[in-house]
Amino acid sequence: MTNSNGTSNSAAPASGALAPEEVMRYSRHIIMPQVGSEGQRKLRDASVLVVGAGGLGGPVALYLALAGVGTIGITEFDVVDLSNLQRQILHQTADVDKPKLQSAKESLLAYNPNVTVVEHPMPITSDNAMDIIPNYDIVVNGADNFATRYLVNDACYLAGKTLVDGAILLFDGQLTVYKPGMGCYRCLYPDPPPPGLVPSCAEAGVLGAITGIVGSMQATEVFKQILDIGEPMVNRLLLIDALSMQFREMKLRRDPACPLCGDNPTVTELIDYDAFCGSPPIEVPVPAAAGASS
Amino acid sequence: MAVKVQVTSVIQKAVDGQREFDAEGGTVAELIDNIDTRYPGFRGQVADDSGELHRFVNIYLNDEDIRFLGGKDTQVSDGDTISFLPALAGGA
Chain X
1 MTNSNGTSNS
11 AAPASGALAP
21 EEVMRYSRHI
31 IMPQVGSEGQ
41 RKLRDASVLV
51 VGAGGLGGPV
61 ALYLALAGVG
71 TIGITEFDVV
81 DLSNLQRQIL
91 HQTADVDKPK
101 LQSAKESLLA
111 YNPNVTVVEH
121 PMPITSDNAM
131 DIIPNYDIVV
141 NGADNFATRY
151 LVNDACYLAG
161 KTLVDGAILL
171 FDGQLTVYKP
181 GMGCYRCLYP
191 DPPPPGLVPS
201 CAEAGVLGAI
211 TGIVGSMQAT
221 EVFKQILDIG
231 EPMVNRLLLI
241 DALSMQFREM
251 KLRRDPACPL
261 CGDNPTVTEL
271 IDYDAFCGSP
281 PIEVPVPAAA
291 GASS
Chain R
1 MAVKVQVTSV
11 IQKAVDGQRE
21 FDAEGGTVAE
31 LIDNIDTRYP
41 GFRGQVADDS
51 GELHRFVNIY
61 LNDEDIRFLG
71 GKDTQVSDGD
81 TISFLPALAG
91 GA
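Residue numbers (our numbering), protein chains in the order written: chain X, 1 to 294; chain R, 1 to 92.
Isolated chain X, as found in the complex (with noise of 0.2 Å):
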């Protein structure tokens, strides 16, 4: 977690020189001179918000437990159903109806255990958003619904945090990295589509490789922002097409009436989101095994 100076309080010494258990895992990003040791400690000591445990955030965070990202907090309410198996790479059969957040921990230690999963076993809202994400360096979006979108937007950018974002339905993909002041998802779609017109992957469908696609991608901007290196997807949305692979780059611009990051911005604190997009709360489910939500 970042403290109030900016620093990571990981579990790790800030900065400390890798073990060599740490060296031998993570060799083959170390010999690139783009990470090398320094870069490693850097991935340690940063600290990474994922929202959702499903079928991007799976992946997302899978491979920033695996790159040895030091602090990974995930927000997730939901229970693992048979019907999430077909891509959420985090669950396995024998977790069927666990909470998502316990078998995304298990998955992820059992991976990495050097890592540190922080659980946010509850849905982000308006009310707990601004105690949520500040705490931490980026975030990642995996939400499915267009409510949570608009709000993890907004309070990204009230905090002055970027958000690495991606969505999926059918085969098609999306990918985009918001940096504060250089245009948000506001400035992208303005308005929510009404309830019911754009359907979602319980709707529609999903491919499951485009899950991993996508958010393995999510996952790359996250180690570029982190290491300063390359070209970051900021103003520049990347569509993604799997039936017939191509990929295809479209202009991102900061609007200047964005109502939250344009001239003369109008949301200046965190909005009643399904009002926003006249869509039902969110409703929490009951883990099969009472009190297993940890």
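Since the hints were derived computationally from the structure, they do not count as laboratory data. Careful: at least some of the hints might be erroneous.
As the list claims (entries may be wrong) - A short list of chain R residues far from chain X (calculated; beta carbon distances all over 10 Å):
hint	residue
1	75
2	77
3	86
As the list claims (entries may be wrong) - Listed next, the in silico DSS-like pairs over lysine-lysine satisfying Cα-Cα at most 30 Å (straight line):
hint	chain 1	residue 1	chain 2	residue 2
4	R	4	X	251
5	R	72	R	4
6	X	251	R	13
7	X	224	X	42
8	X	179	R	72
9	X	42	X	98
10	X	179	X	251
11	X	251	R	72
12	R	13	R	72
13	X	224	X	251
14	X	42	X	179
Cβ atoms here follow ideal geometry from the backbone N, Cα and C, with glycine treated the same way.
Starting from the known structure of chain X, arrange chain R on it as the hints suggest.
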């Protein structure tokens, strides 16, 4: 004036399952009229009853959002590509 039109999965069903096809028109509005003539109901995917473009569907002339050009009056030329991109919210 032949313009290449590209749509994503959400709109694909409104244009006979195509991802890409040609359409005619000198502006984005004319292009939408042309597509709607061939595929009745298409207009409703991208605009409301008064003809105003939905704010949750982006339209790009090549790689530029037409809201930063001339909106529905944006001129299009032979060889241009127009893309219709509704918002996606899937993540789970």
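Comparing the hints with the structure gives:
1. 75: For residue 75 (chain R), whose nearest Cβ neighbour in chain X is about 18 Å away, the distance exceeds 10 Å, so it holds.
2. 77: 18 Å, holds
3. 86: 6 Å, violated
4. R:4 / X:251: 18 Å, holds
5. R:72 / R:4: With Cα atoms ~16 Å apart, residue 72 (chain R) and residue 4 (chain R) stay inside 30 Å; holds.
6. X:251 / R:13: Answer holds: residue 251 (chain X) to residue 13 (chain R) is near 26 Å, not above 30 Å.
7. X:224 / X:42: 11 Å, holds
8. X:179 / R:72: 29 Å, holds
9. X:42 / X:98: Status violated; Cα separation ~33 Å.
10. X:179 / X:251: At roughly 15 Å apart (the allowed maximum being 30 Å), residue 251 (chain X) and residue 179 (chain X) satisfy the hint.
11. X:251 / R:72: 18 Å, holds
12. R:13 / R:72: 22 Å, holds
13. X:224 / X:251: OK: residue 224 (chain X) and residue 251 (chain X) at ~20 Å, within 30 Å.
14. X:42 / X:179: 19 Å, holds
When held up to the earlier numbered hints, the structure conflicts with 3 and 9 and fits the remainder.
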